[in-house]
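Undergrad: Using the sequences and the hints given, assemble the complete structure.
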Amino acid sequence: MQNKKANRSLKENDRDLTIVQAMREALREEMYRDQKVFVIGEDVRIGGSFLFTLGMFDEFGPERIINTPISEVGFIGLAIGAAIQGLRPIVDFQYSDFLLTAFDQIAQQGSKLRYMSGGQVKIPLVFQLPTGASGRGAQHANSIEGILFHLPGIKIVTPATPYDAKGLFKSAVRDDNMVFFCVHKLLYGSKGRQLVQSNISKGFVPEEEYLIPLGVGEVKREGTDVTVVANLLMLHRVMNAAEELAKEGISIEIIDPRTLVPFDTDLVVNSVKKTGRLLIVEESNERGGWGAQVAADIAARAISYLDAPILRLATPDVPIPYSPVLESAVIPNKQKIIDMIIRLTKK
Amino acid sequence: MKIRKPEPPKNKSITGYEVNLLEEMYRRMYRIRKFELMVNTQFLKGNIPGTIHLSHGQEASAVGACLALNEDDFITITHRGHGQAIAKGLSTKSIMAELFGKATGCCKGKGGSLHIGNMSVGVLPAIAIVGASSPIAAGMAFAFKRKESKQIVCNFFGDGTANKGDWHEALNLAAIWSLPVIFLCENNLYGVSTHFSDVFPIENIADRAPAYGMPGITIYGNDPIIVYEEVLEAAKRARSGKGPTLVECLTYRQGGHKRDDPATYRPKEEVDAWLKQDPIPNFRERLLKDNRFSDENLKAIEQEIDVEIAEAVEFAQNSPMLSISLALEDVYAE
Chain X
1 MQNKKANRSL KENDRDLTIV QAMREALREE MYRDQKVFVI GEDVRIGGSF LFTLGMFDEF
61 GPERIINTPI SEVGFIGLAI GAAIQGLRPI VDFQYSDFLL TAFDQIAQQG SKLRYMSGGQ
121 VKIPLVFQLP TGASGRGAQH ANSIEGILFH LPGIKIVTPA TPYDAKGLFK SAVRDDNMVF
181 FCVHKLLYGS KGRQLVQSNI SKGFVPEEEY LIPLGVGEVK REGTDVTVVA NLLMLHRVMN
241 AAEELAKEGI SIEIIDPRTL VPFDTDLVVN SVKKTGRLLI VEESNERGGW GAQVAADIAA
301 RAISYLDAPI LRLATPDVPI PYSPVLESAV IPNKQKIIDM IIRLTKK
Chain E
348 MKIRKPEPPK NKSITGYEVN LLEEMYRRMY RIRKFELMVN TQFLKGNIPG TIHLSHGQEA
408 SAVGACLALN EDDFITITHR GHGQAIAKGL STKSIMAELF GKATGCCKGK GGSLHIGNMS
468 VGVLPAIAIV GASSPIAAGM AFAFKRKESK QIVCNFFGDG TANKGDWHEA LNLAAIWSLP
528 VIFLCENNLY GVSTHFSDVF PIENIADRAP AYGMPGITIY GNDPIIVYEE VLEAAKRARS
588 GKGPTLVECL TYRQGGHKRD DPATYRPKEE VDAWLKQDPI PNFRERLLKD NRFSDENLKA
648 IEQEIDVEIA EAVEFAQNSP MLSISLALED VYAE
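Top to bottom, those sequences are chains X and E. Residues in the first sequence are numbered from 1 upward in steps of one, following the numbering used here. Residues in the second sequence are numbered from 348 upward in steps of one, following the numbering used here.
Errors might be hidden in some of the hints.
Unchecked claim - Derived DEER-like restraints, expressed as beta-carbon distance ranges:
| hint | chain 1 | residue 1 | chain 2 | residue 2 | range |
| --- | --- | --- | --- | --- | --- |
| 1 | E | Thr398 | X | Thr224 | 57 to 63 Å |
| 2 | X | Val216 | E | Thr398 | 42 to 48 Å |
| 3 | E | Lys605 | X | Asp317 | 34 to 40 Å |
| 4 | E | Ile549 | X | Lys336 | 53 to 59 Å |
| 5 | E | Ile671 | X | Pro206 | 46 to 52 Å |
| 6 | E | Ile671 | X | Gly249 | 49 to 55 Å |
| 7 | X | Ser323 | E | Gly560 | 42 to 48 Å |
| 8 | E | Asn510 | X | Arg15 | 53 to 59 Å |
| 9 | E | Lys605 | X | Gln108 | 14 to 20 Å |
| 10 | E | Asn638 | X | Thr101 | 55 to 61 Å |
| 11 | E | Tyr612 | X | Gly192 | 56 to 62 Å |
| 12 | X | Pro206 | E | Glu580 | 54 to 60 Å |
| 13 | X | Gly61 | E | Leu579 | 32 to 38 Å |
| 14 | X | Val216 | E | Ser670 | 27 to 33 Å |
The set of hints was computed from the structure by calculation and includes no laboratory data. For each residue, glycine too, the CB sits at the ideal point set by N, CA and C.
TA: This is the structure in structure tokens:
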């Protein structure tokens, strides 16, 4: 009954969805497709922090939307054990920051058990992770994807648009590995939450089923002067910057890798061959960020095509401050992106 | 430090138990002992890289517990896990080969002493981080409950684990969701060098169970029959949907924590008292008092195991080394 109601209300929309709406559709479809899929996490009964599971408890019941105590080590470990024995858990996090309390389960257990056992086990497990800064001070502002990036044995997905979020989420649920599905806190578009202002923060999502494979990036805007690689919130800021740069006659090509692991390096190589210039923008702290890996890979594979040094724009190596003035001073914003691109075109 | 000596209860009569079960208890305990001592020898010869954590002295807890489980039940084991794995039925050949780092090892040589196991006999490859296995064990039990497979999980851990947050979270989850799991503590009185009495303000670890809303019991862990009976009871509870049980087995680590630890921090009085209660000769004596067993019987079993262990070493030695191309395999499931 709940389901009918949900479908009807969707039909009334024009299929322009927010990311959280697209993810809810993906979740619902996957839960109907495969009885082994279930969600576990804190307050998922009422939707979780970003309302990812809104309405799901009524629709699927307490056996498949499992509300937990505040016990991250416990329920991550439990999800790993359940996955080893053939279930397909989705662990929902209110804030990805809390995942760090259970880091052993991720870095030492889930990501290694397959390898250590000589391939005997598989762990099909998705983490739903609100990431990045959103005005809440340092302990609710980690770019978790940057912290996870160093670990072997896991996959990291970072969708930035509703269309990508749905297709990627469905692939993540069907993947037989631990997949960290990181969505920026300002991108969900959940009711009562701030949503970034950009022309791609809401978008058309078809009703027909589609999947987006993990490891395939996308050119979000074609251009000729500079290649800019960015994900999550930074992608939106780069898209906004592109509009202004276009007015000044600078044409940038914007690549969203969509997944950090695996990473679509070929797509960046091909773009750099055309533009000869590369800027990588990420919200993670600069030291050892994923952008450093991309810079190294491109230097190794395409340096002869480059007309200028590879530049990176990231958050400096500080905890994220609370005051909005300071927060926006450290996290790359539109103006910093524009300045950096102009600098790069002059090199 | 408060010395804790063994307090063996009066031996229970074994006449009510089937010969096969008693024989298997002795066989498995003897197998573990011989295996561990051989591992030590092979280690000293330089055939085993890295480090080893031996479990001799604790055989009765592992064997009593595993014989109370079904073949398709699962156990999770510790860094001191050789005995637990052997007790559940993992072959000594495949463990020895694993320790030698060979392709024929139970984890293809990728796990080593700290990560032995095999899913085919219900042994999740060992989790060597103290405490981390308890939530995972609860998770496997969660899956069994959901699949209504009637399988259960036995989570082996040591006394040190009971001070870890992971363990507390696992007990709570298992209790609130009535998961079919047995938390089986091998309390050997030491976390590396630290004595139980210095880090627990309570008499028994099982005293913590009621706080999680589950039954807990502390038993003498050097008697395989006592352990067998209690785990059988806990298994029955788990299988019938009544949830987890905490079973604490009091036992003793006869050796040091690891290969280079002479364990001189232990009071002689305590060591001597426990060595006198060695589970294997004690059980042998009990069997011989029953007219269904003879010295000849038991010697035949011992001989059979001695040959098996020698063959395990030979097998490990003669097995091919891993091809280095395998180093990058098994990272992801396709």
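Undergrad: Using the Cβ atoms, figure out if Val216 of chain X sits within 42 to 48 Å of Thr398 of chain E.
TA: Given a distance of about 43 Å, which is inside 42 to 48 Å, the answer is holds.
Undergrad: May I ask you to test the hint 56 to 62 Å on the CB atoms belonging to Tyr612 of chain E and Gly192 of chain X?
TA: holds (58 Å)
Undergrad: Per the hint of 53 to 59 Å, is the separation of the Cβ atoms of Asn510 of chain E and Arg15 of chain X within bounds?
TA: Hint holds: Cβ distance 54 Å, inside 53 to 59 Å.
Undergrad: Given the range 27 to 33 Å, decide if the beta-carbon distance of Val216 of chain X to Ser670 of chain E lies inside it.
TA: holds (32 Å)
Undergrad: Given the hint of 53 to 59 Å, check if Ile549 of chain E and Lys336 of chain X actually sit that far apart at their C-beta atoms.
TA: Since Ile549 of chain E and Lys336 of chain X have Cβ atoms about 57 Å apart, the given range 53 to 59 Å holds.
Undergrad: Between the beta carbons of Lys605 of chain E and Asp317 of chain X, is the distance compatible with 34 to 40 Å?
TA: holds (38 Å)
Undergrad: Is 57 to 63 Å right for how far apart the beta carbons of Thr398 of chain E and Thr224 of chain X are?
TA: holds (59 Å)
Undergrad: Should the hint that Ile671 of chain E and Gly249 of chain X are 49 to 55 Å apart at their CB atoms be regarded as holding?
TA: holds (54 Å)
Undergrad: Can the suggested window of 55 to 61 Å be confirmed for the beta-carbon pair Asn638 of chain E and Thr101 of chain X?
TA: Holds: the Cβ-Cβ distance is about 59 Å, inside 55 to 61 Å.
Undergrad: Does the Cβ distance between Lys605 of chain E and Gln108 of chain X fall inside 14 to 20 Å?
TA: About 19 Å separates the Cβ atoms of Lys605 of chain E and Gln108 of chain X, which means 14 to 20 Å holds.
Undergrad: Using the Cβ atoms, figure out if Gly61 of chain X sits within 32 to 38 Å of Leu579 of chain E.
TA: The hint (32 to 38 Å, Cβ to Cβ) holds, given that Gly61 of chain X and Leu579 of chain E are roughly 34 Å apart.
Undergrad: Tell me if the beta carbons of Pro206 of chain X and Glu580 of chain E are separated by a distance inside 54 to 60 Å.
TA: holds (57 Å)
Of the numbered hints given earlier, the model fails none.
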